[in-house]
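Peer 1: So you can see what is in the structure, the chains are spelled out below.
2 protein chains.
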Amino acid sequence: MTTVSSPLNIRKAAPADAAAIWSIIGPTIRAGETYALPREMTEQQALDYWLADDRETFVAEAGREILGTYYIRANQQGGGRHVCNCGYMAAASAIGRGVARAMCGHSLDRARKAGFRAMQFNLVVSTNERAVRLWRGMGFEIVGRLPGAFQHPARGFVDALVMYRTL
Amino acid sequence: MTTVSSPLNIRKAAPADAAAIWSIIGPTIRAGETYALPREMTEQQALDYWLADDRETFVAEAGREILGTYYIRANQQGGGRHVCNCGYMAAASAIGRGVARAMCGHSLDRARKAGFRAMQFNLVVSTNERAVRLWRGMGFEIVGRLPGAFQHPARGFVDALVMYRTL
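So the sequence lines, in the order shown, correspond to chains L and W.
Under UniProt numbering, the first residue of the first sequence is numbered 1, with each subsequent residue one higher.
Under UniProt numbering, the first residue of the second sequence is numbered 1, with each subsequent residue one higher.
These aren't lab readings, by the way, just hints derived from the structure by calculation.
Among the clues, some could well be false.
Here are some, though not all, of the chain W residues that point toward chain L, as calculated from beta-carbon distances under 10 Å [unchecked claim]: (1) Ile29; (2) Ala36; (3) Ala114; (4) Ala118; (5) Val125; (6) Leu146; (7) Val162.
Where a beta carbon is used, it is the ideal one built from N, C-alpha and C, also for glycine.
Full structure from sequences and hints, please.
Peer 2: Listed below in structure tokens is the structure:
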């Protein structure tokens with residue numbers, strides 16, 4: 001049985017995780033409040049994106065229950081390939097349980113081991129205050145503000161933040 | 001005969017323009033000083049990128065000589081799809097002749113017609129002072145600074161700028 005107190009294990013995603021990953025990323029994509037992805041994406045399109053060849057994808061599990069997933073990839077090519085980018089999503093049922101924080105910590109380690117020198121979030125929706133607070137606590141700085149760059153389904157055009165930290 | 005004073009005509013790129021486009025983008029990619037693209041890209045890889053399905057690509061010609069090329073695309077999907085992104089390259093022989101400025105002006109018109117609400121440059125290399133000055137003159141603001149986000153072949157790790165303007 002999975003319990004709230006099971007320790008979190010973060011491992012590479014496997015093909016068999018697809019349904020569990022969709023159960024996490026699907027609701028976030030459909031809500032359209034935090035990621036610049038089409039709300040109408042199909043399950044296959046979403047999985048193709050989240051598990052694309054240009055990134056490594058991980059899952060965070062407690063016991064046998066997958067509570068979160070993240071990817072890490074180079075943010076740019078060529079002269080920009082030493083900066084990585086990540087996307088993290090946690091199950092709604094796991095909000096407040098430290099899953100995103102644990103995944104971010106894992107990704108920072110992974111990034112250093114992979115030789116990246118910095119991590120960049122290109123579009124943190126400014127109304128996603130929980131995320132902004134968390135990333136700041138993880139050492140990221142707001143290095144840019146993009147006026148009205150995100151259309152929030154309820155709040156309309158809101159600013160997006162560029163967040164960055166060296167490794 | 002093409003003369004320096006020929007008026008610049010900007011039109012959609014056609015398949016027959018591939019060689020001329022490569023003659024412009026190839027040296028810029030090989031130099032690796034201004035674009036975050038792999039310096040070792042093949043001609044085909046570069047053209048596949050520059051003419052990809054997710055963007056519209058234009059050429060600027062004086063008489064029958066192509067002096068510059070640019071693309072316009074959505075910078076993000078979903079809630080971010082109202083912000084566009086462009087990349088511009090001019091022939092080395094045309095530097096200082098206003099080709100980049102003309103292409104930028106054309107792209108701003110194109111962006112408005114296509115319904116975009118803003119234009120964003122994600123990674124303007126800070127040492128590319130001519131470009132920074134030009135984009136500022138075209139109404140872009142520096143909204144972010146990414147510390148050491150670009151590895152310049154001669155100057156090492158230099159800052160990159162995020163530039164943005166509403167339309």
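Peer 1: So, for every hint listed, does it hold in this structure?
Peer 2: Each hint, compared with the structure:
With a cut of 10 Å, the hint placing Ile29 of chain W at the interface with chain L holds, because the nearest CB-to-CB distance is about 8 Å. Of the supplied interface hints, the one on Ala36 of chain W holds, with its beta-carbon coming within about 3 Å of a beta-carbon of chain L, less than 10 Å. Using the Cβ-Cβ criterion of 10 Å, the hint placing Ala114 of chain W at the interface with chain L is not satisfied: the shortest such distance is roughly 16 Å. A distance limit of 10 Å between C-beta atoms decides the matter here; for Ala118 of chain W the minimum to chain L is near 7 Å, and the interface restraint holds.
For Val125 of chain W, the suggested interface contact is upheld, since its CB lies about 8 Å from the closest CB of chain L, less than 10 Å. This hint holds: Leu146 of chain W has a C-beta 6 Å from the nearest C-beta of chain L, less than the 10 Å allowed. Taking 10 Å as the C-beta cut-off, the interface hint given for Val162 of chain W holds, the closest approach to chain L being about 5 Å.
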